[in-house]
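Enquirer: One letter stands for each residue in the lines below.
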Amino acid sequence: MSSAASTENAASAQPPGHGHVPHHHHPELSHHFEDLRQQRDSLTLGMWAFLVQEIMFFGGLFCAFLVYRTAHTEAFNAGSSHLDVKWGTINTVVLIGSSLTMALAVGQAQRGNRKGVVTWMLATGALGLTFLGIKAVEYTSKWEHGLVPGRFFLRGDHHGLEDILPMADKVELFYGFYFVMTGMHALHMIIGIGLMVWVLIETFKGKVTQNRHAIVENFGLYWHFVDIVWIFLFPFLYLLGR
Amino acid sequence: MAEQHSSTSHIHISPLWLNLTIFSSLMVLTALTVWAAFQDFGPMDFTVALAIAAVKATLVVLFFMHVKYSSKLVMLCAGAGFLFLIFLFAFPFADYATRPNVPGWPASTDVAAPLEPRDPEMPSTNRGSPGGSGGSTGPGGV
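Going line by line, the protein sequences match chains A and B. The first sequence begins at 1 in this note's numbering and counts up one residue at a time. The second sequence begins at 1 in this note's numbering and counts up one residue at a time.
No lab work stands behind these hints, which were simulated from the structure alone. Be aware that a few hints might be false.
Between beta-carbon pairs, the in silico distance windows are [stated by the list, open to error]:
1) A:Glu74 x B:Thr47: 53 to 61 Å
2) A:Gly150 x B:Leu62: 40 to 48 Å
3) B:Phe38 x A:His31: 53 to 61 Å
4) A:Gly146 x B:Leu18: 23 to 31 Å
5) A:His159 x B:Asp95: 18 to 26 Å
6) B:Leu18 x A:Leu132: 23 to 31 Å
7) A:Leu195 x B:Tyr69: 30 to 38 Å
8) B:Pro15 x A:Thr140: 39 to 47 Å
9) A:Ile190 x B:Leu73: 44 to 52 Å
10) B:Pro106 x A:Leu195: 42 to 50 Å
11) A:Trp143 x B:Leu16: 29 to 37 Å
12) B:Asp40 x A:Val197: 45 to 53 Å
13) A:Met184 x B:Leu50: 16 to 24 Å
14) A:Arg155 x B:Leu16: 26 to 34 Å
Ideal Cβ placement from N, Cα and C applies to all residues, glycine included.
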C-alpha cells in the first residue's frame, strides 16, 4: 500500500506546506488517507477483497454442481429440461438491464449528480424486484409440479414428468442444486435491495459527492457481481439440458 | 483549492455509448447462448456455454465494474480471485477424474464392481454421493 500511495502522491497536486498544516486537508478526505486518490483506491480494494471471497463461495457451489453433473449427466439434463428457458432468458435480460442502470447510477455519482444517482438506482431496484418476482413465479411452478426436493418431491400425479421417473433420486439432486444455487443468488439480491435503501438514504442526506462516492460505486460492484453469478447460473442450470 | 485536490482528472467516467455498447454486447451474447443451447454440438455444448458466459463475465468485470480503469492493486486482487477459482476447480476435478471407481467419470472402470456390487433394488441409498457408493465406502474408497 505504501509504495502505491507514494506514487500517487507525485501524481496528485498537493498544496505547498501541506505537511506543516495538519488540519488543512480536503473536507472529503478522511485523515488516515494521503489523498483522495489513495482513499478511493483503498475503498475499491476493500470491496474487491470482499468480492473475492464471494467468488470462492459461489465457486464452491458451482464446483460441487459440476462434479455431480459429470457423474449423473443424463439425470441432470432431464432435470434441466423441466426448467423454463423463457423465464430464465427474460430474467437474464432483466438482470443485465439492471447492471446497465447501475453503471449509469455510478456514472452520475462520479459527476456528483445525486438526483441522477437516485433515478438510476430506483430503476435498478425496480429491475431487481422484477427479477425476484419472476423467480417467485418459477419457484411456485416447481412446487406445483412436485419438483421441490424433499418429502414432497414428485408428489401428486407425474403428468409430464414420466422421463425423470427412472432416475428420480438423481433428478432430485439436480433440483437440490437448483434451489440452493438460485436461492443463494436470490438472497444476495434481497440483501442488495436492502443495501440499496441504505445507499439511497445516504444519497438523500447529501453524502454522495463528486470526490467521495465509494458507497455508490461499491454497491455497484456488489450488484454487478450478483449479475455475473447469474450469467453462469443461467446456462448451467437452464440451458445445458437442451 | 478544490480543483487542486479534486481527483476528477483521474476518474474514468464511462460515456453513455460505452455502457450501451457493453449492454448490447451482453444481450447479443445472451441470445447467442440460448440459440447455441438448442443446437447439438455434442460434447462441446458445455464448452460453448462456458465460453460465452466467460466472455459476458469479462465484459461486466472490465467495463461495468471498471477494473479496466482501476489501480493495478485492484486488478491483482480481482485476478487473484479468478486464479484461485481455477485452483478450486482444478484440484477436485483432477481428483475425481483420476479415481478408478467413481461412476460417470472418465477413469471409471469395472474396478469398483468386484469391490462393491451395486444393488439395483436400493438406488436411493446412493443419494448424495457422486460415486454412487454409499455407506462405508465413500467415492474412491477402497
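Enquirer: Where does the structure disagree with the numbered hints, that is, which hint numbers, in rising order?
Expert: Violated hints (numbers, rising): 1, 4, 5, 7, 9, 11 and 14; every other hint is consistent with the structure.
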